[in-house]
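Number of protein chains: 2
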Amino acid sequence: MSTIVKESNVRDLEILANRLRRDSLRSTNEAGSGHPTSCFSCAEIMSTLFFDEMEVNADNAKSLANDHFILSKGHAAPIYWAVLKEAGVSTDEELLELREFDSQQEGHPTPRSEWVDVATGSLGQGLSAGVGMALLDKREGRSNRTYVLCGDGEVAEGSIWEAASLASAMGLSNLATIVDVNGYGQTGETLYHHDLEVYRSRFEAFGWNAIIVDGHDVEALLDAYQQFDYEQERPTAIIAKTVKGKGVESLEGSEGAHGKAAPNFEEALNAIPDEETEGKVRFKPSDRAVTRREPNAESSLEYPSDKYEGEESVSLRKAFGSALESLGELRDDVWAFDGDVMNSTYSQNFQKRFPERFVESYIAEQNMVGMATGFSALGTVPFLSTFAAFLSRAHDQIRMAAVSRSNLKFAGTHVGVATGEDGPSQMGLEDIAMFRCLPGSLVLQPSDARSVYGCMNLMMEHRGISYLRVARPSVENLRSKGNWEYRIGGSHTLLSSEEDEVAIVASGVTVHYALDAAEQLAKKGVNARVIDCYSLKPIDGDTLRKTAEEIGKILIVEDHYKEGGLGEAVCHELRNLTCSTTHLYVDDVPRSGSQSRLSEAFGIDAKAIVRAA
Amino acid sequence: MSTIVKESNVRDLEILANRLRRDSLRSTNEAGSGHPTSCFSCAEIMSTLFFDEMEVNADNAKSLANDHFILSKGHAAPIYWAVLKEAGVSTDEELLELREFDSQQEGHPTPRSEWVDVATGSLGQGLSAGVGMALLDKREGRSNRTYVLCGDGEVAEGSIWEAASLASAMGLSNLATIVDVNGYGQTGETLYHHDLEVYRSRFEAFGWNAIIVDGHDVEALLDAYQQFDYEQERPTAIIAKTVKGKGVESLEGSEGAHGKAAPNFEEALNAIPDEETEGKVRFKPSDRAVTRREPNAESSLEYPSDKYEGEESVSLRKAFGSALESLGELRDDVWAFDGDVMNSTYSQNFQKRFPERFVESYIAEQNMVGMATGFSALGTVPFLSTFAAFLSRAHDQIRMAAVSRSNLKFAGTHVGVATGEDGPSQMGLEDIAMFRCLPGSLVLQPSDARSVYGCMNLMMEHRGISYLRVARPSVENLRSKGNWEYRIGGSHTLLSSEEDEVAIVASGVTVHYALDAAEQLAKKGVNARVIDCYSLKPIDGDTLRKTAEEIGKILIVEDHYKEGGLGEAVCHELRNLTCSTTHLYVDDVPRSGSQSRLSEAFGIDAKAIVRAA
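Going down the list, the sequences are from chains A and B. Okay, so the first sequence: first residue is 41 according to the working numbering, each after it adds one. Okay, so the second sequence: first residue is 41 according to the working numbering, each after it adds one.
This list has only true hints and no planted wrong ones.
Which copy is meant is left open, so a pair is good if it fits within one copy or across any two.
Result set (DMTMM-like, lysine to aspartate or glutamate): computed pairs, CA atoms no more than 25 Å apart in a straight line:
| no. | residue 1 | residue 2 |
| --- | --- | --- |
| 1 | K647 | E140 |
| 2 | K358 | E295 |
| 3 | K358 | E229 |
| 4 | K586 | E613 |
| 5 | K46 | E316 |
| 6 | K593 | E613 |
| 7 | K593 | D582 |
| 8 | K647 | D142 |
| 9 | K392 | D346 |
| 10 | K178 | E229 |
| 11 | K392 | E295 |
| 12 | K320 | D263 |
| 13 | K586 | E538 |
| 14 | K324 | D257 |
| 15 | K102 | E137 |
| 16 | K593 | E541 |
| 17 | K392 | E229 |
| 18 | K593 | E559 |
Hints listed in this document are in silico derivations from the structure and should not be mistaken for laboratory results.
Let the sequences and hints guide you as you build the complete structure.
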């Protein structure tokens with residue numbers, strides 16, 4: 041790298057910026073929608089980044105030798121597609137199919153294009169993914185750099201500051217964010233418009249190396265990219281003053297132009313110079329050595345039955361911690377993330393054993409999920425744990441991880457009223473609904489220690505978002521003997537006879553309530569079947585339907601709110617059958633109290649099941 | 041207010057701090073759990089705030105003349121309950137019932153105690169509620185102050201910085217946050233431990249007046265409270281250096297002590313001086329004049345049919361904007377919040393008409409919801425609008441608003457694949473699940489302009505969380521004639537005959553697809569009933585069951601993912617009936633494309649309905 045900028049190169053990059061503007065205008069005009077003015081403000085940033093600064097192998101979008109780029113201001117997607125065309129990795133025809141159903145060039149970037157690592161478009165999320173990538177590169181000993189282009193409007197999102205805080209604490213000098221300060225949001229001026237000092241002082245206070253530049257000055261931008269701060273190990277924020285709509289006077293800085301194709305296309309297009317560059321336009325290839333922690337051969341977790349032998353009850357959280365540690369042994373590509381509760385979730389087992397593959401994310405769940413999305417994009421397998429309730433804090437990030445087709449494994453502890461005395465703020469009671477309602481997700485709830493191991497093998501088998509719902513209390517080991525098989529979409533029938541009059545469908549702690557209830561019912565001469573739906577999504581429809589047909593009476597009991605959980609999943613499966621179905625669930629905001637008092641009060645304990653049966 | 045602190049008073053406040061410590065220790069010991077060490081670090085902060093600084097009418101917890109206090113570090117609840125006992129508004133007996141089922145003194149504060157305005161315990165949320173209260177006081181011309189006590193660990197949450205940013209931009213000099221920097225989170229040291237300068241520089245960069253104090257020095261604290269910055273209109277952050285577990289040497293700063301009752305109770309209790317104060321311990325009463333915008337007499341929105349006469353199709357978003365504006369006319373206690381998309385949600389109608397009751401929250405949805413929770417706690421009626429997908433950003437805040445029994449009215453626009461070309465990041469496809477899965481929520485989806493008005497009246501009727509799901513496209517006005525009634529838990533049968541062979545159950549845009557399908561089916565000699573489930577929760581179980589019994593064949597179609605939406609709600613209602621039920625829904629991550637292309641591809645359009653019928 042050099043701080044001397046060749047003049048010819050500068051001129052080419054200026055020409056390229058305008059070519060990118062023209063193509064953004066053309067594609068959004070063709071589509072009839074899109075955000076041309078948001079593209080115009082970052083044209084020089086994009087031309088300098090992609091055609092001078094970054095190293096990218098054009099023949100391999102997924103090369104680990106590539107520098108990483110994340111378009112956090114995802115609505116500027118058209119200019120990214122224009123970059124791909126200039127680099128020769130996509131065509132003009134593809135460019136003009138922007139936003140069409142069969143095109144990979146969507147309104148906001150998604151990994152349907154191989155040139156996109158993480159989906160963006162929900163603002164303020166890109167920086168966390170960038171922190172993840174930069175952290176992984178650093179931990180794996182690669183010298184890549186990560187560049188995240190943010191809009192100024194999205195800097196209002198708290199997730200930006202979660203990411204900024206951790207990035208400096210982790211010493212990510214290989215990370216830069218360029219903030220395209222065009223002064224406008226969707227509806228009007230941003231809070232700070234062109235007061236660049238606000239952004240500088242905030243990034244500096246968050247431990248960053250912050251540089252103010254004119255975002256339309258190619259030389260200034262190239263110079264800024266030379267100022268990565270490896271010495272003090274600080275990430276770099278380039279605060280670029282820009283003009284929204286820059287290049288077409290009628291669109292410049294105008295309110296109301298956001299998110300619309302230009303009204304006077306021909307006039308606008310003619311306003312932007314159309315010139316040829318002197319040099320050849322291409323990505324600068326990378327010949328970096330790629331070091332990486334390769335995944336080992338696939339092998340499954342084995343349940344250490346001797347470990348739990350003789351124990352009457354085992355904490356599911358402790359079993360999770362042990363299983364996670366074992367998984368870390370089996371697979372070098374498994375990483376663990378936690379949000380300041382590793383001594384509650386027991387991810388501390390992994391942390392103690394593999395500190396180099398553990399990421400303490402502190403109390404910032406959005407950034408934790410965003411970082412893990414970055415890790416997943418680079419091919420590792422992240423496990424994330426915290427209290428289930430606090431995963432709702434990152435719902436939008438999890439939603440976007442699903443759009444990114446990320447391979448994230450979540451464990452949510454402290455679920456249901458079984459959480460007890462800490463009260464409703466700490467109880468996950470909507471988590472099944474949240475995780476079931478993600479395309480391609482796998483949702484599991486173990487009911488004992490062996491089941492934790494079985495479910496975690498399924499999580500490894502599944503590619504996509506997986507969720508393990510781990511209750512807080514210790515529970516009896518149901519399957520310390522026997523040879524139980526676990527499968528995605530499976531269930532275990534724990535109790536059954538030819539004379540069953542009712543089937544109790546349960547999951548997690550309610551399996552134990554159901555077994556107690558079955559015992560009490562047996563004393564009254566009623567035989568009850570007990571089905572443990574450890575796989576909540578997909579759910580074992582075949583077994584449920586067979587049971588409904590055989591017995592005709594089903595009782596569902598779950599430690600979750602009514603909607604979107606086990607009950608609705610079962611009713612949906614049984615929709616075409618005749619079956620008397622009762623559903624017990626938590627029907628109001630709970631409160632502090634003991635597990636037994638709460639499960640009694642909310643009508644999901646053994647007594648309630650007996651009553652309902 | 042004076043900066044001269046009487047010595048006797050200082051001594052009393054020191055004595056009180058220790059009394060609060062003792063009671064926190066006693067109650068957590070009795071409960072067998074809780075967070076005594078987190079209480080100890082803020083004992084002087086609590087004694088000085090409540091027994092010198094704040095004005096609170098002990099006989100009226102809900103008086104608008106009171107200063108406001110929010111315990112953002114909700115796990116320190118025991119010390120707040122101890123304050124209530126010292127002030128004589130609660131008893132020692134109540135104190136010792138901490139965390140019991142019948143007690144209002146929960147593990148984390150909830151409004152089951154009248155002395156709690158908003159529930160806390162999910163960290164990082166209290167400051168937003170405080171910003172809301174301080175903003176409302178300022179807009180309504182009251183001179184109250186708002187005090188938010190934060191832990192240092194929770195300052196990692198981005199929501200803190202969303203709140204901090206808006207608080208300074210709004211000039212909330214009536215707001216102070218005290219950060220109890222005890223240096224420890226749950227598992228170990230926080231990222232910055234006792235580096236107070238980090239906190240000071242961040243708050244200053246966010247436009248705050250920031251003061252570092254010794255948090256165990258009563259005089260220093262009292263002095264800091266005098267430094268509210270009314271002149272420069274800045275909120276004040278008091279960065280208090282404290283010791284976790286302060287007062288009991290064996291617990292001081294020790295890792296692993298978080299969230300546990302003290303192991304050696306007697307010894308610990310004896311370590312804390314037990315003294316009587318010289319002066320009488322009581323809240324300092326407030327005799328502030330209470331000015332407030334009173335709610336007007338209840339009256340309903342009327343659908344302005346003449347406004348839409350002759351229009352073939354009307355944008356539901358525009359109808360929402362008009363209805364919101366009309367509601368603003370009818371009710372002085374209605375406020376509107378939006379997150380930089382008021383020109384998409386059309387809350388701009390309200391903003392233009394009632395700027396003094398509009399809160400532009402910028403791109404920071406968590407803080408938007410947190411502020412509105414503060415507004416609701418002080419008795420106003422907040423409407424919040426943004427893209428439905430982005431409400432998932434604030435899921436945890438919405439969850440906590442439900443725990444707070446807040447009266448929030450949400451409108452989520454851009455729902456389903458009907459959103460079109462912008463792509464999956466902008467499409468609300470899990471929003472019904474998210475809002476249904478909140479205790480006591482009301483979930484509505486209008487299918488035309490009249491229905492928007494009808495549904496908004498129901499939202500006003502309901503106390504709790506309401507959600508209005510507003511699709512992006514313009515749709516035909518189905519009910520411009522006729523006298524339709526709307527009720528919570530109602531539905532409209534739009535098409536029916538004696539010979540119906542199938543009932544199509546739809547909501548929102550799919551009602552229009554269903555009507556198209558019914559027309560096509562009629563041509564094939566098949567009569568279809570069409571039911572518009574505008575009330576998704578509660579859902580019209582009676583009508584659905586009656587229909588199932590009459591027709592025996594139901595086809596559900598929704599522009600939402602499979603789980604937790606209309607389909608599962610209907611199947612749950614019909615669980616005890618025999619009925620052939622088919623469910624059409626969006627079954628994978630969508631992409632960019634036109635509304636018609638996407639609804640065709642995901643099998644929810646009229647053609648798909650005809651095929652399925």
